[in-house]
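> Residues per chain, in single letters:
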Amino acid sequence: DIVMTQSPDSLAVSLGARATINCKSSQSVLHSSNNKNYLAWYQQKPGQPPKLLIYWASTRESGVPDRFSGSGSGTDFTLTISSLQAEDVAVYYCHQYYSTPRKTFGQGTKVEIK
Amino acid sequence: EVQLVESGGGLVQPGGSLRLSCAASGFTVSSNYMSWVRQAPGKGLECVSVIYSDGSTYYVDSVKGRFTISRDNSKNTLYLQMNSLRTEDTAVYYCARHTTYYYYLDVWGKGTTVTVSS
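From first to last, the protein sequence lines are chains A and B. Position one of the first sequence corresponds to residue 78 (the numbering used here), numbered consecutively onward. Position one of the second sequence corresponds to residue 2 (the numbering used here), numbered consecutively onward.
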């Protein structure tokens with residue numbers, strides 16, 4: 078199985094400041110056939126299901142604010158919130174969909190307001 | 002509107018059974034790869050089972066032989082039959098749709114809670 082490790086486990090950021098979450102996979106999730114990284118990011122607010130934010134490592138889902146961005150390739154990825162808003166308080170998960178049949182998630186990163 | 006609505010959760014004793022349902026609207030379950038993802042209290046996300054569009058199935062080792070994923074095409078509904086339940090199966094269970102083949106999960110239900118306790 079591909080193990081996904083996020084860092085940090087939690088972070089507190091001031092309103093309007095940048096938040097950066099890292100995700101590292103135990104093996105590359107870059108598919109050579111199409112040069113795509115099979116990596117997604119989800120946001121989960123308390124009491125709610127996860128919500129898709131980013132897929133193919135850097136493509137924003139429709140309706141997701143442009144303060145959210147994804148970057149990285151191979152085994153190292155980053156989710157950046159450029160200017161944290163109060164409504165961004167949540168747990169964020171990375172997810173690899175490279176391996177079949179088992180897809181795996183990172184352990185989650187909790188983002189709070191400082 | 003594309004939507005998934007789970008039901009069937011509840012409190013059950015260890016060794017008991019439950020059947021979860023996930024009613025879909027706005028798309029056809031049988032044309033998509035569909036997963037059950039669970040989240041234990043205060044924990045992260047775990048894919049426990051998937052059914053492919055061709056009907057093939059996969060289970061994580063911890064539920065293999067105890068859980069069965071299926072679908073009813075006439076009702077456009079996904080199921081998870083859970084037998085021999087253990088306390089460690091306690092979680093919120095989400096059904097979710099994979100987009101285009103077996104890629105990321107683009108539609109999630111609100112979840113149903115399963116509590117296994119004596």
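Because the hints were derived from the structure by calculation, they are not lab data. Beta carbons are placed, not taken as given, at the ideal position from N, Cα and C, and that holds for glycine. Each hint should be verified, as a subset may be incorrect.
Stated by the list, open to error - Cβ pair distances, simulated, as ranges: (1) Tyr53/B <-> Gly93/A: 30 to 36 Å; (2) Ser118/B <-> Gln104/A: 34 to 40 Å; (3) Glu189/A <-> Asn84/B: 38 to 44 Å; (4) His108/A <-> Gly9/B: 32 to 38 Å; (5) Asp78/A <-> Arg67/B: 25 to 31 Å; (6) Pro178/A <-> Lys44/B: 39 to 45 Å; (7) Lys101/A <-> Gly27/B: 16 to 22 Å; (8) His108/A <-> Ser75/B: 23 to 29 Å; (9) Glu47/B <-> Asn99/A: 19 to 25 Å.
> Against the structure shown, which of the earlier numbered hints fail to hold, in ascending order?
1, 5, 6, 7, 8
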